[in-house]
Each structure stands twice: as structure tokens, then as C-alpha cells.
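Novice: Sequence:
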Amino acid sequence: RRPAQRARMGDYHHHRGRGSPDRRGRGPPLPQQQQQQRGRLDEMIRYGYRVDPYRPPAALPADLGTRPFHICLLAICIDGLPYEHIWRAWATTTAPASNCVVSLLVHAKYPHDVTSESLQPHLITKPPRMGRGNSFADPEYLSHAPAWGSVQITRAMVDLLRIAHPMGTTDNPDYLKQEEDARFSSRRFWLNVNGNDPNQTVPPVDKFLFISETCLPVQTLPEFEKAFFGPPELYQTKTAAVAATESDGDHKTAAAAGVQRPDANTPLPWEVSWVNAKNRNSPDTPRNKYESDQFAMVHRMIHG
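In the UniProt record's numbering, the protein residues as written are 1 to 304.
These are computed hints drawn from the structure, not numbers from a lab.
No experiment lies behind these values; they were computed from the predicted model shown.
Computed cross-link-like contacts, DSBU-like style, restricted to lysine-lysine with a CA-CA straight-line distance of at most 30 Å:
no.: 1; residue 1: K177; residue 2: K109
no.: 2; residue 1: K207; residue 2: K177
no.: 3; residue 1: K126; residue 2: K177
no.: 4; residue 1: K289; residue 2: K207
no.: 5; residue 1: K126; residue 2: K207
no.: 6; residue 1: K109; residue 2: K207
no.: 7; residue 1: K226; residue 2: K207
no.: 8; residue 1: K109; residue 2: K126
no.: 9; residue 1: K289; residue 2: K226
Each pair of labels, with its calculated beta carbon distance range:
no.: 10; residue 1: D79; residue 2: T154; range: 14 to 22 Å
no.: 11; residue 1: P127; residue 2: G230; range: 32 to 40 Å
no.: 12; residue 1: M130; residue 2: F228; range: 33 to 41 Å
no.: 13; residue 1: R162; residue 2: D138; range: 19 to 27 Å
no.: 14; residue 1: W148; residue 2: Y83; range: 15 to 23 Å
no.: 15; residue 1: P283; residue 2: S212; range: 26 to 34 Å
no.: 16; residue 1: P173; residue 2: T220; range: 36 to 44 Å
no.: 17; residue 1: Y141; residue 2: F208; range: 14 to 22 Å
no.: 18; residue 1: I78; residue 2: Q219; range: 21 to 29 Å
no.: 19; residue 1: S282; residue 2: P222; range: 23 to 31 Å
no.: 20; residue 1: D174; residue 2: N281; range: 41 to 49 Å
no.: 21; residue 1: A89; residue 2: K226; range: 17 to 25 Å
Ideal Cβ positions, reconstructed from N, Cα and C, are used throughout, including at glycine.
Construct the entire structure; sequences and hints are all you get.
Specialist: Written out as C-alpha cells, the structure is:
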């Protein structure tokens, strides 16, 4: 380069480290509040967390009024569930009066010590590995062997969610092949079945519910369904309104068909969650008398 060009390049590299807008693409120094927020995120990243960009919640599924609800129980135990028989009775005895499919996934600290033959299929396993020929090898239980109050309990909860979340929602070829093997199929997690579906289609999970060894149901399954999803006429009305308006984008179509569209400012029971919450006063924010304290810990950059 010519001497003048080398001088300009030297000045450029000299000022990159002086807080100029070109400083590693970071721009000028951030305000103190943003620096604190950025510091918390950097600390999480150093611990191994990866913060995904915020994505708005999915729209109301169009088949909500025609398919059963799916309630997924996520259990953490040591070597068994003492009240397994009660949960099975809760899911099956009142099933005809309910529109719910119930599944159960279990993370055991000592999975090989689980003696209940009916509970063993519900234990979560590692991703299947190919064995001889074109078949999978025997399942290998997944366990973090958590100590009391350790971070491994959180990792067990995350793995339960990770395994349960794809049920009924993915068309990944590897996952579909896994569904063909009864040892790895998500149907092994079911506590009851949908009698109205001869194909026993796996519906997407609508509610995740963590339980421990000492948890017991205190309401029937129909009462549980009503508390979480509202009465059937509520979600069937909204589903019909959504289908009628999505056909041509005109709300008058729903009114002409005799369907009243619910108030957009009044969320349905299953729409109230921390994922949908926008601020501590929004109708989508859970009302448990601690929302002010809890929402102060939620940042839009930390999804979920």
C-alpha cells in the first residue's frame, strides 16, 4: 500500500478499540440498565444456556374442537410412583365423560430399580441406536441421578419436556421410524386411550403437568378438563368462529352462521401462561398473587 493508505488503515485499527461504532461491531457503550441485562444473559450463556430469539405463541389450532385434549403428566421419582394406581384410575375411570387423553412420562433416579412392570414403559430413554440389521438396539434409560436440590433435577425436567414436546407435532422421518417400534413409540406413555379414534392418533400436548411421588389428584378428569380448558361449548364456539373467519377473513361470516366470536381481550383458560404474557397487567398473565414478583424475573429475551 501507499504510505497515505497505510496511515489511514492504522488510524482505523487504532480507533476500533476506543469505543467507536466499529468496535467489533458492538457499537457505542450500552446504558447501565442494558449492560446489567446483557451481563445476566452472558452469565447464562457461560453456564451452557442458549437463548433463542423470541417467537410469538402459535395460533389457536383449528382442530381444537374436534380432537381430544392431551394432558401430559411429567413425573420425577426415585425408583417408582407409590400412587401410580390412583393416577391410572383417575385417567381411566372418568375417561368416557371426558375429552382428554392422558400420558405419563417418568424420570427415575434409579430406573433399573423400578419394579412396577406397568411403570417401566413410561420411563424416558435415550435416543434409540441402531442394533443388528435394520432394527433399534434395546432401550437405554435416561437418568441424571439427581441429588436433593441439585441442578440435575432441572435437567431432568428439561429432558421430560424435550421428549414429550414432539408428540403429535412432528413429521421428522427419524421420529416417525421411532414411532413404529413399540419400545420407543410415544403411545407407550398413554394412561388412557381415545375411544372415538380407531387409529389412536397421538394428539399434540395441550398441557404439561409436573408431579412428584407424593402428588395425588383431588378432582376428577372432567373437572380438571373444565378448569384448564373451560366448558366444551366455550372452545367449540371459538373454534367454529376461527374456522368461519379464516375461510374468507370476514368476521361477518361467523355472525351470519350464528357463531359469536369471543371477545379478543378475554383469553381462554389455556391461553393464560407465562409464554403468552406481555406484561404483568396483561390478561394473558397468570393471576396467582405473585405475578409482580415473578414477572420482574421474566425478560423478553429469555423465552419461556
